[in-house]
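Peer 1: Listed here are the chains, written in short residue letters.
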Amino acid sequence: MIRRILIAIAIVLGVAWATSALFTVDAAETALVTRFGRPLDGTKGPGIHLKAPWPIDQVVRLDGRLLVFDNEPTEMLTQDKKNVLVDSFVCWRIIDPLRFAQTVQNRAEAEARLLDLSSSELGATIGAEPMESFLDPNGGEVRYSAVSAKVAEEMNRITQGSFGIEVVDFRINGFNLPAQNRGSVIDRMRAERSRQATRYRSEGEEAALKIEAETAAERERILAFARAQAESLKGVGEAEALRILGQAYSQDPEFYRFVRSLESYEKILGEETTVFLESDSKLLRHLEGK
Amino acid sequence: MRDTRAPSERFLQDLASFIVRRGRWILGAIAGIVVVVWLATGFYTVENGSIAVVRRFGAISEPAAPPGLHFRMPNGIEREMIFPTGEVHRLEVSGDNGVKLDVITGDENIVATSLVVQYRVTDAARYLFGCDLPEELVLQSVRAAVLETAGAMLVDDLLTTGKARIQNDVRSRAQELLRDYGSGISLLTVTLQSIEPPTEAAAAFRSVQDSRSESARTISDGRMLSDHMLSLTRAEASRMVEEAQAESEGRVHGARGAAERFGALLTEYRRSPEQTREDLLQEKLADVLPRTEVFVLAPGESPRLDLQLESTRKPTTP
Numbered sequence: 001m002i003r004r005i006l007i008a009i010a011i012v013l014g015v016a017w018a019t020s021a022l023f024t025v026d027a028a029e030t031a032l033v034t035r036f037g038r039p040l041d042g043t044k045g046p047g048i049h050l051k052a053p054w055p056i057d058q059v060v061r062l063d064g065r066l067l068v069f070d071n072e073p074t075e076m077l078t079q080d081k082k083n084v085l086v087d088s089f090v091c092w093r094i095i096d097p098l099r100f101a102q103t104v105q106n107r108a109e110a111e112a113r114l115l116d117l118s119s120s121e122l123g124a125t126i127g128a129e130p131m132e133s134f135l136d137p138n139g140g141e142v143r144y145s146a147v148s149a150k151v152a153e154e155m156n157r158i159t160q161g162s163f164g165i166e167v168v169d170f171r172i173n174g175f176n177l178p179a180q181n182r183g184s185v186i187d188r189m190r191a192e193r194s195r196q197a198t199r200y201r202s203e204g205e206e207a208a209l210k211i212e213a214e215t216a217a218e219r220e221r222i223l224a225f226a227r228a229q230a231e232s233l234k235g236v237g238e239a240e241a242l243r244i245l246g247q248a249y250s251q252d253p254e255f256y257r258f259v260r261s262l263e264s265y266e267k268i269l270g271e272e273t274t275v276f277l278e279s280d281s282k283l284l285r286h287l288e289g290k
Numbered sequence: 001m002r003d004t005r006a007p008s009e010r011f012l013q014d015l016a017s018f019i020v021r022r023g024r025w026i027l028g029a030i031a032g033i034v035v036v037v038w039l040a041t042g043f044y045t046v047e048n049g050s051i052a053v054v055r056r057f058g059a060i061s062e063p064a065a066p067p068g069l070h071f072r073m074p075n076g077i078e079r080e081m082i083f084p085t086g087e088v089h090r091l092e093v094s095g096d097n098g099v100k101l102d103v104i105t106g107d108e109n110i111v112a113t114s115l116v117v118q119y120r121v122t123d124a125a126r127y128l129f130g131c132d133l134p135e136e137l138v139l140q141s142v143r144a145a146v147l148e149t150a151g152a153m154l155v156d157d158l159l160t161t162g163k164a165r166i167q168n169d170v171r172s173r174a175q176e177l178l179r180d181y182g183s184g185i186s187l188l189t190v191t192l193q194s195i196e197p198p199t200e201a202a203a204a205f206r207s208v209q210d211s212r213s214e215s216a217r218t219i220s221d222g223r224m225l226s227d228h229m230l231s232l233t234r235a236e237a238s239r240m241v242e243e244a245q246a247e248s249e250g251r252v253h254g255a256r257g258a259a260e261r262f263g264a265l266l267t268e269y270r271r272s273p274e275q276t277r278e279d280l281l282q283e284k285l286a287d288v289l290p291r292t293e294v295f296v297l298a299p300g301e302s303p304r305l306d307l308q309l310e311s312t313r314k315p316t317t318p
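Residue numbers (our numbering), protein chains in the order written: chain A, 1 to 290; chain B, 1 to 318.
Fair warning: there could be bad hints in the mix.
[Claimed, not checked] Distance ranges between label pairs, derived from CB positions:
# : chain 1 : residue 1 : chain 2 : residue 2 : range
1 : A       : Lys81     : B       : Arg165    : 29 to 39 Å
2 : B       : Phe43     : A       : Trp54     : 26 to 36 Å
3 : B       : Ser213    : A       : Ile158    : 21 to 31 Å
4 : B       : Pro290    : A       : Arg243    : 32 to 42 Å
5 : A       : Met1      : B       : Pro67     : 54 to 64 Å
6 : A       : Gly45     : B       : Arg22     : 48 to 58 Å
7 : A       : Glu75     : B       : Thr161    : 28 to 38 Å
Don't read these hints as lab results, they were simulated from the structure.
Don't be surprised by glycine CBs; every beta carbon is placed ideally from N, CA and C.
Just chain A, with the same shape it has in the complex (with noise of 0.2 Å):
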């Protein structure tokens, strides 16, 4: 009986120890086996994999998702030498786990190696560019993209070969100024503006000037042509007063001017004229009722 419970212990190890040749990778993993401790070549994808069973070879399974560093602002200069304050981050991944693990090791120890190497490239790339390069006020394209491909690019050329880490992105994602340029740009903006609202003032003002100008040109043309319609009117009016009297006074001038001179009397003799008169005169003797 003892025999036969030893056996099936026996077959049970053997079991799980033939087992331990199987190992699998997650989609999230990629993994690397080690002989004894000293590494194997190929790297080991996600799925099922055969393995010397243990403890002859080990798994060794690393991160194998895009991952995401996020360095902290550093200072820079630009080519014009001017401050310049970065920020950015890098996406990488391990593609080769083996010279990952001979190298680096672990994540740490991984992003303090691109923080340096990002962070010297980064201001290489940028002290080979002006401002400018930064800065498009006519819309076109600024050059982050260009100089974070560039530093990529660079940062590539060491990581792969050195550390087995590719490095997917580095992108700059944020550029300001230090405190004491900062206060500069400010104080520039606040001028700019306090232009603006003088202008904006101004041109209000003469906005409204020029409409005072055109109402007083208005004004005078209105009644200039007012003017000339009354004159007209009254040319009109008066044409035909003297046509009507012209009729009237052409059926017997002679009367008229009888009529005339009576009525020029009225003008001539006032309080203020004294008349003298011939006892003899016609004029009296009107008077006199003869």
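Got chain A sorted already, so can you dock chain B onto it with the hints?
Peer 2: Here is chain B on its own, set in the frame of chain A:
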């Protein structure tokens, strides 16, 4: 023959003899049931709004199983992972430590902004197994896109009319990055939550606004004054014309009256010319002379006057 055993004892003994007789058959049945149950673990359902990612020994064998009932290889070989793809995620993008994101504009001004991004996972396999921190990836991509967009715009456009353009540009740039990273993420909307000048310069920007509205007010006041002035002028003009019209008509009426009077006198005159002349003269003199001072002189006499006559006119020479 009589069985003297108790019923329970009898049942156990019967069962034991049955097992001994049919042992192989029973083991086979048990094994069969186990296999069927094991195979049945291969059935799984996916709810609406979700999809399933199936992995075989860790490697993805089915990246996107749609909603419904499915079969995969049983447990131990394949595993499904259900992921809600219908869900809309919301992410606020600003600077580090929650302050606004400062960006430099094309005309070297600074604006502070914050955005809200909405995204959906459209490729769950990539999202789950392709990247470490998808949300971080979205955040950093959007920041980079904002930087690049603002660098090619003027501060005035950014603060006023350019909002739609920023949102569009940022979305398409960030989406491009996320696609290149194989993140499995689709950006739905990018919304500018705020974009404003830095606080140190805010007052100066406000004063521009003030001056703008002040200027508009000056102009509208001027226009109002002008309208008022012109309507007064038009009233004045039409009064002028109407007065002239009235004056003109008055003249004509007057002339008509005078003509009629003259006509009447003439009729009278023609009937008896001498008498009428006389009457008219008398009438006129009676009218006029009482107002004057009259001296009667003998014929040939001349008035003794000191010739310092007061003239109605001023002397022309001193």
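Peer 1: Are Phe43/B and Trp54/A spaced within 26 to 36 Å by their CB atoms?
Peer 2: 35 Å, holds
Peer 1: Is it true that Lys81/A and Arg165/B lie within 29 to 39 Å of each other by Cβ?
Peer 2: For Lys81/A and Arg165/B the Cβ distance comes to about 33 Å; the hint holds.
Peer 1: Do Ser213/B and Ile158/A keep their Cβ atoms within the hinted range of 21 to 31 Å?
Peer 2: 58 Å, violated
Peer 1: For the hint 48 to 58 Å, verify it against the beta carbon of Gly45/A and that of Arg22/B.
Peer 2: The hint (48 to 58 Å, Cβ to Cβ) holds, given that Gly45/A and Arg22/B are roughly 49 Å apart.
Peer 1: Falls inside 28 to 38 Å, the C-beta gap from Glu75/A to Thr161/B?
Peer 2: Holds, at about 34 Å.
Peer 1: Range hint 54 to 64 Å: satisfied by the CB atoms of Met1/A and Pro67/B?
Peer 2: 56 Å, holds
Peer 1: Has the hinted range 32 to 42 Å been met by the Cβ atoms of Pro290/B and Arg243/A?
Peer 2: 37 Å, holds
Violation of the numbered hints given earlier is confined to hint 3; every other hint is satisfied by the structure.
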